[in-house]
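Peer 1: Listed below are the residues making up each chain.
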Amino acid sequence: DTEVTQTPKHLVMGMTNKKSLKCEQHMGHRAMYWYKQKAKKPPELMFVYSYEKLSINESVPSRFSPECPNSSLLNLHLHALQPEDSALYLCASSQFWPGPETQYFGPGTRLLVL
Amino acid sequence: AQTVTQSQPEMSVQEAETVTLSCTYDTSESDYYLFWYKQPPSRQMILVIRQEAYKQQNATENRFSVNFQKAAKSFSLKISDSQLGDAAMYFCAHNAGNNRKLIWGLGTSLAVNP
Chain Z
1 DTEVTQTPKH LVMGMTNKKS LKCEQHMGHR AMYWYKQKAK KPPELMFVYS
51 YEKLSINESV PSRFSPECPN SSLLNLHLHA LQPEDSALYL CASSQFWPGP
101 ETQYFGPGTR LLVL
Chain H
1001 AQTVTQSQPE MSVQEAETVT LSCTYDTSES DYYLFWYKQP PSRQMILVIR
1051 QEAYKQQNAT ENRFSVNFQK AAKSFSLKIS DSQLGDAAMY FCAHNAGNNR
1101 KLIWGLGTSL AVNP
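Note that the protein sequences, when read in sequence, are chains Z and H.
Sequential numbering from 1 applies to the first sequence in the numbering used here.
Sequential numbering from 1001 applies to the second sequence in the numbering used here.
Please note that a few of the clues may not be correct.
Calculated cross-link-like contacts (lysine to aspartate or glutamate; reagent style EDC-like; alpha-carbon spacing at most 20 angstroms) [said to hold, decoys possible]:
(1) 1101(H) <-> 101(Z)
(2) 53(Z) <-> 85(Z)
(3) 1101(H) <-> 44(Z)
(4) 40(Z) <-> 1031(H)
(5) 41(Z) <-> 1031(H)
It is worth saying that the hints were derived from the structure and are not from the lab.
Here the structure is a predicted model, which means the values were calculated and not measured.
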């Protein structure tokens, strides 16, 4: 079962709100990723977690705060976002990182910041 | 620098016909992996096919096959017997280097005409 789930599917938030995106996988993968995707563009890597430790932060603004509570869960905490942060946020997982393993993507959370 | 180029922003094909999407890449690594991902409108990014650079044999998955030319750094995707459900954005990607980040092309939007 190659399934990565994400909640919520859609999120609308004001610039002063605090919200969280959630991602879950039950494939036993030890690497999880957050990507940001603008319309008709490829995904942009934000964070990589390997064995629940943050391994890559692609110079993401501090208003995005990732958290990996256990090997199956990945959260992205959002605070004081800007309208330009509106995008599709994708979670992915792979067996290991770094490595040649395929990344499997969730359906994404479509975020609108007003 | 590692790059991926998809020279066809948009393509169309008649249902039941064959279409080839092009992808070229640049890397100085000898050990890398190549991927084609499909993202239907407002739907999940899914893996179509994967190729290990050390394998000479072209990967095949049902109606999807690749033409991998390592010396030319070319990795095209052929879709046979195109179906309406094949309409999507197709992204070519490779991972190489120590951190194995996915390097993405800009995508090719494929329309399938009935």
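Peer 1: Against each hint, give a clear statement of whether it holds in the structure.
Peer 2: So, going through the hints one by one against the coordinates:
This hinted pair checks out: residue 1101(H) and residue 101(Z) have alpha carbons roughly 11 angstroms apart, not beyond 20 angstroms. Distance check on the hinted pair: residue 53(Z) and residue 85(Z) sit about 25 angstroms apart at the alpha-carbon level, beyond 20 angstroms; violated. With a CA separation close to 10 angstroms, the supplied pair residue 1101(H) and residue 44(Z) stays within the 20 angstroms bound. Our distance criterion of 20 angstroms between C-alpha atoms is broken by residue 40(Z) and residue 1031(H), whose separation comes to about 29 angstroms.
A distance of roughly 27 angstroms separates the Cα atoms of residue 41(Z) and residue 1031(H); the hinted pair therefore is violated under the 20 angstroms criterion.
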